[in-house]
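Chains as they are written, first to last, in my numbering: chain A, 1 to 245; chain B, 1001 to 1254.
None of these hints come from the bench; they were simulated from the model. Every value quoted in this text rests on a predicted model; they were computed, and no experiment measured them. Treat the hints with caution; some may be incorrect.
To be verified - In silico SDA-like pairs for lysine to any residue, Cα to Cα no more than 20 Å straight-line:
#	chain 1	residue 1	chain 2	residue 2
1	B	K1230	A	P92
2	B	K1230	B	L1004
3	B	K1230	A	G202
What the hints assert, rightly or not - Ranges between beta-carbon positions, derived for each pair:
#	chain 1	residue 1	chain 2	residue 2	range
4	A	R142	B	A1069	20 to 30 Å
5	A	V74	B	A1061	38 to 48 Å
6	A	H234	B	F1232	33 to 43 Å
7	A	P75	B	V1037	49 to 59 Å
8	B	D1042	A	R148	23 to 33 Å
9	B	L1161	A	R230	36 to 46 Å
10	B	R1157	A	T44	28 to 38 Å
11	A	V138	B	V1020	37 to 47 Å
12	A	S82	B	V1235	15 to 25 Å
13	B	L1014	A	S27	54 to 64 Å
14	A	A143	B	A1150	47 to 57 Å
As the list claims (entries may be wrong) - Some chain B residues well away from chain A (every beta-carbon gap over 12 Å; in silico):
#	residue
15	P1011
16	F1029
17	A1086
18	D1115
19	E1147
20	A1150
21	S1168
22	R1176
23	F1205
24	L1219
25	F1232
26	E1233
We treat Cβ as the ideally placed atom computed from N, Cα and C, and that holds for glycine.
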Amino acid sequence: MGLAGAATAYEILARLFFEPAHVPPLSAVVPEALRLLTGERFWTATGRTLSAVAVGLVIAVVAGILAGFALGSVPQVRRATSSTLDFLRPVPSIVLIPVLVLVLDVRQITVLLVAVSCFWIVVFQVLYGLRDVDRVAVDTARAFRLGRLARTVHVTWPTVLPYLGTALRLIVSVALALALTGGLVMGAAGLGEMIWSSQESGESTGMYALVLLTGGLGIGLDQLARLAERRLLHWHVATRREAVA
Amino acid sequence: MRALGYALGLPAVLVAAWWVASDGSTNVFLPPLRTIVEAFRDVWFSGTFVSDVVPSLWRLAAGYAVALAAGVTLGFVIGRWAVPRALTGPLLAYFRVLPAPVLIPVLLVAVGIGDATKLVVITVGAVWPILLNTADGVRAADEVGLETAAAYRLPRRTRHLLVLRGASPQIFAGARQALGLSIILMVVSEMLMSTDGLGFTVVQFQRSFAIPQMWSGVLLIGLLGFGLAKLFELVERRALRWHRGHTGQLTERR
């Protein structure tokens, strides 16, 4: 009902106050979106954007986990690096665009942007997770003469995993946003570029339709991330409680 | 003293390493740090500061302030009462996942090019984390506390303030997220549609192959992001002092 209300409100506002060329009514946008869905161009662009997202995410997760464990496992290293990490994290990754444009092609930059931004999130989640490891569990494992590797697998990893689940949910939307930014700012082939070019050529209905579909894509990715998180953490108390409730 | 050493040690080493390694650099794209620092002084301590940095900061501040006010107000209403919550639920779910940068072309068409557009981009992009966090925080208000307040017949206004205060840790979490987002949106919107501002200047330098100047701009944006994050942390720590002390986080962190 809320959705219908919002759609109606938008329809009325768009028709009353705006030119169709600036804000097309929903009744024009939705058919256009459906038309796009049947065309090949939209799916090629989506595929390109998603592949940039996927490659960037894989790099970020692998590198982030490795770096997080490397930094977080040794207290001295963590103390020595924490100020540097704190400094680097808030630096928006898009400042890299002008620098990278000179040396790489736009697709590589897009992947790199996705990877860098998501990398920070993963690293910090791993560090938070490592801080949360139960001292008693570690000491117990040690008393049972579990080696360093076995302790990491059986004690540390399960503690860090929920934090990685949270990271996963966060980075999926960040990755999509940056993959689109790459298209908008640099014209890297994909959905972002398609939106920008339809804006430049004045096809505002098509652009609104694309944005509408992009939101749908966001919902899809978000659901996928949630599903993956639940799978990954099916043994965790919070998930089990959810299943019962 | 030791803590200071830990905090400054690695950054000092890294900067020194950059300085030494790049000193004799002849690569056009990776100029010596010395040149970048000189360019930094020449570019940003001059008229550019007034003509480009000030407009950027102004847009950022105004856009962020509007986002903050609107986000907290709407989030409060949505979190507090069931009817607006039910009505806006699906819409919020949609805007939560819609990536903010795609709003730039939409607003470009709907509002046109101008200072207003950049403001609106920052506001519209940054408002969601604040709104959603506020709504969640308000919803999770302490039931017992509220009922106690009602039993004491505290006036309605006081009870609203009570809820808002209880939600403030989460509001701050959203506001922090929104701050990072608004810096990104500021730079991107200036790169795409502007004739002044930081993002525009950096892209301009890059297009005219003024590489040291471009690097200095990148450095400035980085410093800006860092500085604002620190400033925010300071404000948050002051505003939530009661909360940190209350939950024992203060002792745990040390």
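Structure-inconsistent hints, enumerated in ascending order: Numbers 3, 4, 7, 8, 10, 15, 16, 17, 22, 23, 24, 25 and 26 - these are the hints that the structure violates, sorted from lowest upward.
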